[in-house]
Amino acid sequence: MIMEGRLTFGFLLTIVVTFAIAPLIAILGYTFLKDGQFDISQINRMLEAERVWRTLGNSMLLGVLVIVGTTIIAFPMALIRTKTSLYRYDWLDIILTIPFMTPPYIGSMGWILFMQHNGFLQQLFPSSAWLTKTFFSLFGMVMIMSLHLFPFLCLMLKNTLLRINGSFLDAALIFGRSPWRNWTKIVLPLVVSSYVLGSLLIFIKTLAEFGTPATFGSRIGFQVFTTEIHTYLSRWPVDISMATSLSLFLLSVCLVIWYIQNLIGRKHTYGVLSGKTPAMREVRDKWYIKLGSWMFVGVVLLLSIGIPYFSIVVTSLQKVRGNGLQAGNFSFASYQEMFTGGSAGLSAFLNSVMFSVITAVVTAIIGLCIALYIKKGETKKQQVLDFFSLMPTIVPGIVFVVGLIMFWNAPWLPATIYNTKTMVVVTYCILFLPYSVQYTKSSLSQIDSSIFQSAAIFGRSKWDVYRQIIIPLLMQGILAGMMMTFIISMRELVAGLLILPPSVETGATFIYSQFEQGNVGVGMAVAVITVVMTVIFMFLLGWLQKRGGHENA
Amino acid sequence: MKRRGLKLFATAGILLTLALAGCGNKEVEKTEKVSAQPKEEQILTVYSAGPDGLAANIQQAFEEKTGIKVEMFQGTTGKILSRLEAEKNNPVADVVVLASVASMDGLKETSQLQSYQDAKQAEKINSDWSDAEGYYYGYSASALGIAYNTKNTQEVPTDWSDLAKEQWQNKINIPDPSLSGSAVDFLYGYALAEKNAWKTMGLWKNNGLQVNGANKEALDAVITGDKNATIAGVDYMAYKAKADGEPVEIMYPKSGTVVSPRAVGILKDAKHIEAAKEYVDFLLSDEGQKLVTDAYLLPGNKEIPVKNRAALDEVPQLTVNWKGAEADQLEILTKFNDMFR
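Residue numbers (this note's numbering), protein chains in the order written: chain Y, -15 to 537; chain Z, 19 to 359.
Just chain Y, with the same shape it has in the complex:
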């Protein structure tokens, strides 16, 4: 086969190492090396700073609270989507991923505009003023982040519950005593392992999150790792070595958590995929269960989509922001300004589209090669490549970005891509390569090996087998991965803030900078357009996966 052999391995590994591992080594070097000598004074300086420990405390606390928050939302939601009559509404799945796809900083800006003193809530219901103070606290931050991350946990739990629904419950019904006992002895233990995995991932994602802490956290004076790193890098006075030390610290924390997660994953994973397909019985709910379920779904949708989007759309349409929600205070002026030829907002948006398309294509190609090589990850080499290509999911984005800046600014490099658009694309590719690898891998795992064998027997050339059989079969997975990469790239903020060359802005940095120095209305108009495009892509993605018949991809 083509994607085999040592040469391929060497080549793929080199790509991954040069682009994904070298930045991390650069961070190590910058932190520990001083004039070519090993030196730990940087680390000591960091560990002595009281702020660092406070930041660590804040990050950890936030992580734990967000796990609690996402659980409160995701668990009932997963049950509702599998055990009640609401299981039938597949469109709910797509709607429920919208909060996850919404750029977090836009979501929290929406919430801020809604909840602040004299915000939209108080304009609509003046008596609700007391809520403002409660909201602008850690509670509000946890709520915003939980509403953003819950779809992720919900999907994991839902899939596990669906699988258990099959033969396990049948067996339990036949041999078991009471439904209650079946639940505690069979369903719960099986769910727990996937819950623990999911919540640890939520924890890592919370630690790595930048958008919400940067917008909402700075408002309530709650500093976490990512915002601290960004502060040291982008605010005067700059302290680059502090930023790299902190990055290293954050990286270590994430690696430890990832290791724990792996241990648990290995010990407590049960084969829940059995021969029997999870046949769905017709579910008939009592009226109050039905009502309760719909109310729960309604409240979650209102909080996770309704409120932030209301603020965003209203702000983009307001003529005079100081006049609030008043008849006659609305116009399309911001949109007009945006679509006037060559406006900064439009070109920023188009830059985002361009970067995202290139990233999607490049990662799709590299991801395909890597996935074809890894196959099922049976040999050591395959596992090594698998591990490295999935590194960026464990390493927080900002750590990679810091590493890339260090690496591409190294004085010994003969040439650098720093301060060019190439740098942006390279950064995006590294950050989002795991998506395409995972999507392609999972659609590869669905191709039966007999296809390879029969193709080999009928004696076509290896190239033809790839071109005419394998690639077309994988196409759906590749396309889904590309679309996902595109959506995620469109919203990337922290990389843009730190590495964009002069005269180049992306949609995300444009929106962010409109809040800092410019016109919020136009910023929000760009946000609305970005989100509308994202939602269209998500429906396409859902349709694509349905056609491919693998919704779990």
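By construction, these hints were calculated from the structure, which means they are not laboratory data.
Please note that a few of the clues may not be correct.
As the list claims (entries may be wrong) - Result set (DSBU-like, lysine-lysine): computed pairs, CA atoms no more than 35 Å apart in a straight line:
| no. | chain 1 | residue 1 | chain 2 | residue 2 |
| --- | --- | --- | --- | --- |
| 1 | Z | Lys286 | Z | Lys106 |
| 2 | Z | Lys223 | Y | Lys117 |
| 3 | Y | Lys18 | Z | Lys87 |
| 4 | Z | Lys325 | Y | Lys303 |
| 5 | Y | Lys189 | Z | Lys353 |
| 6 | Y | Lys303 | Z | Lys223 |
| 7 | Z | Lys183 | Y | Lys117 |
| 8 | Y | Lys405 | Z | Lys87 |
As the list claims (entries may be wrong) - Derived, one-sided and incomplete: chain Z residues facing chain Y with beta-carbon distance under 10 Å:
| no. | residue |
| --- | --- |
| 9 | Lys97 |
| 10 | Glu105 |
| 11 | Asn107 |
| 12 | Asn108 |
| 13 | Asn188 |
| 14 | Leu197 |
| 15 | Gly199 |
| 16 | Lys234 |
| 17 | Glu235 |
| 18 | Gly243 |
| 19 | Asp244 |
| 20 | Glu264 |
| 21 | Thr352 |
| 22 | Arg359 |
For every residue, glycine included, the Cβ atom is placed at its ideal position computed from N, Cα and C.
Based on the hints, put chain Z in the right spot on chain Y.
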């Protein structure tokens, strides 16, 4: 077996590095070619902390007039300074425009700027705001005041200390000085010229003063009614918002305020020196100064009339010396951060 793998790996690594180096070299060649070409093909890189609209208008007018293409990085003063620091190994910027003369002076002291003494019309520019040796020119300035929401404010404040009163509790904010050059300038000038400055700041803190991001973010909180007043609000933003119909007004406290100059200078590592000089000339020219006043800023050249805003001599000023201020500013910033974060 293992060794062979390693060898292949190494070869691949070298090949890739070479390929990358190749790409990079091409890039370098390109830029060299560009600078050898006639002026209309030149590219000038400007890092500018300016009001968005102004920076863009200047860029456009300059490009039209000279045919030099401008690559612009816009950010707050803090962002630009940190970007310069991060890029020390491979500098890109030719011209830097900062919203703080003290920071500009700091760049001069660490010899990151070069002198351009014979800039056209330099003699007309306010000498308090510029360097005597021509390292930077204060081409414009903004006066810092109290920007307040006209709908929610019953009693207009007359002085800084008024904001420590109870009716302003939890209703005041200040731009974050580590992001906003003008806010640092304010703290510096206020702390130096006013005996009770730190005491007043303490009172503000007890009165719920919020540190609110960059300048526009702080002003937006006042515009939307989240807060009622911004301390050290930049006046040109308030005038602009007012012109757009927002319920905002700015006042200058009677005991005096800080006028924060914005300066332009040419970086020592600038690759396009001639173009950079033309850019400085343009900012100091009558045409450039008019663009400045159109953005509601105070012009560096006093002869240019301002419109719809208070002129320089109508603003009660604290006496501030900007030369060598950077170290003191850093100290004040640290003290402020310890107090508020």
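Now the hints, each set against the structure:
no. : hint                   : verdict
1   : Z:Lys286 with Z:Lys106 : holds (11 Å)
2   : Z:Lys223 with Y:Lys117 : holds (17 Å)
3   : Y:Lys18 with Z:Lys87   : violated (40 Å)
4   : Z:Lys325 with Y:Lys303 : holds (24 Å)
5   : Y:Lys189 with Z:Lys353 : holds (34 Å)
6   : Y:Lys303 with Z:Lys223 : holds (34 Å)
7   : Z:Lys183 with Y:Lys117 : holds (21 Å)
8   : Y:Lys405 with Z:Lys87  : holds (18 Å)
9   : Lys97                  : holds (5 Å)
10  : Glu105                 : holds (7 Å)
11  : Asn107                 : holds (5 Å)
12  : Asn108                 : holds (6 Å)
13  : Asn188                 : holds (8 Å)
14  : Leu197                 : holds (6 Å)
15  : Gly199                 : holds (8 Å)
16  : Lys234                 : holds (5 Å)
17  : Glu235                 : holds (6 Å)
18  : Gly243                 : holds (3 Å)
19  : Asp244                 : holds (4 Å)
20  : Glu264                 : holds (4 Å)
21  : Thr352                 : holds (9 Å)
22  : Arg359                 : holds (7 Å)
Figure legend: structure checked against the earlier numbered hints; the only hint not met is number 3.
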